[in-house]
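Asker: Sequence:
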Amino acid sequence: MNNMGMVGNQPQQVGFLLADQFTLISLSSAIDPLRVANLLAGAELYRWCLIGSGGSEQASSDGVRVRLDHSLSDNIQLDLLIVVGGIDIEKTVQKADLIWLRKQAKEGVQIGSLCTGTYALAKAGLLDGYECSAHWDCLTLLSEEFPNINFNPQLYTIDRDRMTCTGGTVPLHMMLAMMSEKHTQFLVEGVADMLICERHRS
1 MNNMGMVGNQ
11 PQQVGFLLAD
21 QFTLISLSSA
31 IDPLRVANLL
41 AGAELYRWCL
51 IGSGGSEQAS
61 SDGVRVRLDH
71 SLSDNIQLDL
81 LIVVGGIDIE
91 KTVQKADLIW
101 LRKQAKEGVQ
111 IGSLCTGTYA
121 LAKAGLLDGY
131 ECSAHWDCLT
141 LLSEEFPNIN
151 FNPQLYTIDR
161 DRMTCTGGTV
171 PLHMMLAMMS
181 EKHTQFLVEG
191 VADMLICERH
201 RS
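Quick note on the numbering used here: the sequence shown kicks off at 1 and runs consecutively.
Honestly, I wouldn't trust all of these hints.
Heads up, simulated DSSO-like pairs for lysine-lysine below, C-alpha to C-alpha not over 30 Å straight-line [said to hold, decoys possible]:
hint	residue 1	residue 2
1	K103	K91
2	K106	K95
3	K123	K95
4	K123	K103
5	K182	K103
6	K106	K123
7	K182	K106
8	K123	K91
9	K91	K106
Simulated restraints on C-beta separations [what the hints assert, rightly or not]:
hint	residue 1	residue 2	range
10	R102	Q154	22 to 28 Å
11	N148	D88	21 to 27 Å
12	F186	R65	34 to 40 Å
FYI, nobody ran anything at the bench for these hints, they're computed from the structure. Cβ coordinates follow ideal geometry from the N, Cα and C atoms, glycine included.
All chains should be built: construct the whole structure from the sequences, respecting the hints.
Answerer: Structure follows, in structure tokens:
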């Protein structure tokens, strides 16, 4: 299956900005489709890295600590940046995170979020005029604080250069949808099969 679904010669660079107390299942549900796509294609379609605003590690909501590849001060070239939210995102998101997010968007990076990470994008002013999804646990907070943003009830939303989702295992479905815009259906279905995803949610 060498090179099936290959787009160009350069792998897509995907960064995950981890909020303190981020949701581990959302992160793994987003990364594994990238890993499996590389495996099935026999080529490096995607590269990914973990980013944080402080320290060398970040703690997830279940206490698992993950090692970060980069801090916000590093010079990172990304095609897609996804904020991975979790518990109390309105308290854990930092001003430095928001400034860095705006900088990435200004440079043309596609921006996304998992779980409550949508709050960080809204706070950074990056969802104005976009349809978006967010975890039900923070929908009330989002609707009250950002009344001009259209938060829909969908599990995930891909609207132009923004992609947002509710969390849990839904990132798997969002990443499959993203891949379907770049690669062959054969590759996308292969990734879904490898991850035992019997029904790809639209």
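Asker: For each hint, tell me whether it holds in the structure or not.
Answerer: Each hint tested on the structure:
no.: 1; hint: K103 <-> K91; verdict: holds (21 Å)
no.: 2; hint: K106 <-> K95; verdict: holds (17 Å)
no.: 3; hint: K123 <-> K95; verdict: holds (10 Å)
no.: 4; hint: K123 <-> K103; verdict: holds (14 Å)
no.: 5; hint: K182 <-> K103; verdict: holds (25 Å)
no.: 6; hint: K106 <-> K123; verdict: holds (15 Å)
no.: 7; hint: K182 <-> K106; verdict: holds (23 Å)
no.: 8; hint: K123 <-> K91; verdict: holds (12 Å)
no.: 9; hint: K91 <-> K106; verdict: holds (25 Å)
no.: 10; hint: R102 <-> Q154: 22 to 28 Å; verdict: holds (25 Å)
no.: 11; hint: N148 <-> D88: 21 to 27 Å; verdict: holds (24 Å)
no.: 12; hint: F186 <-> R65: 34 to 40 Å; verdict: holds (38 Å)
Checked against the numbered hints listed earlier, the structure breaks none of them; every hint is satisfied.
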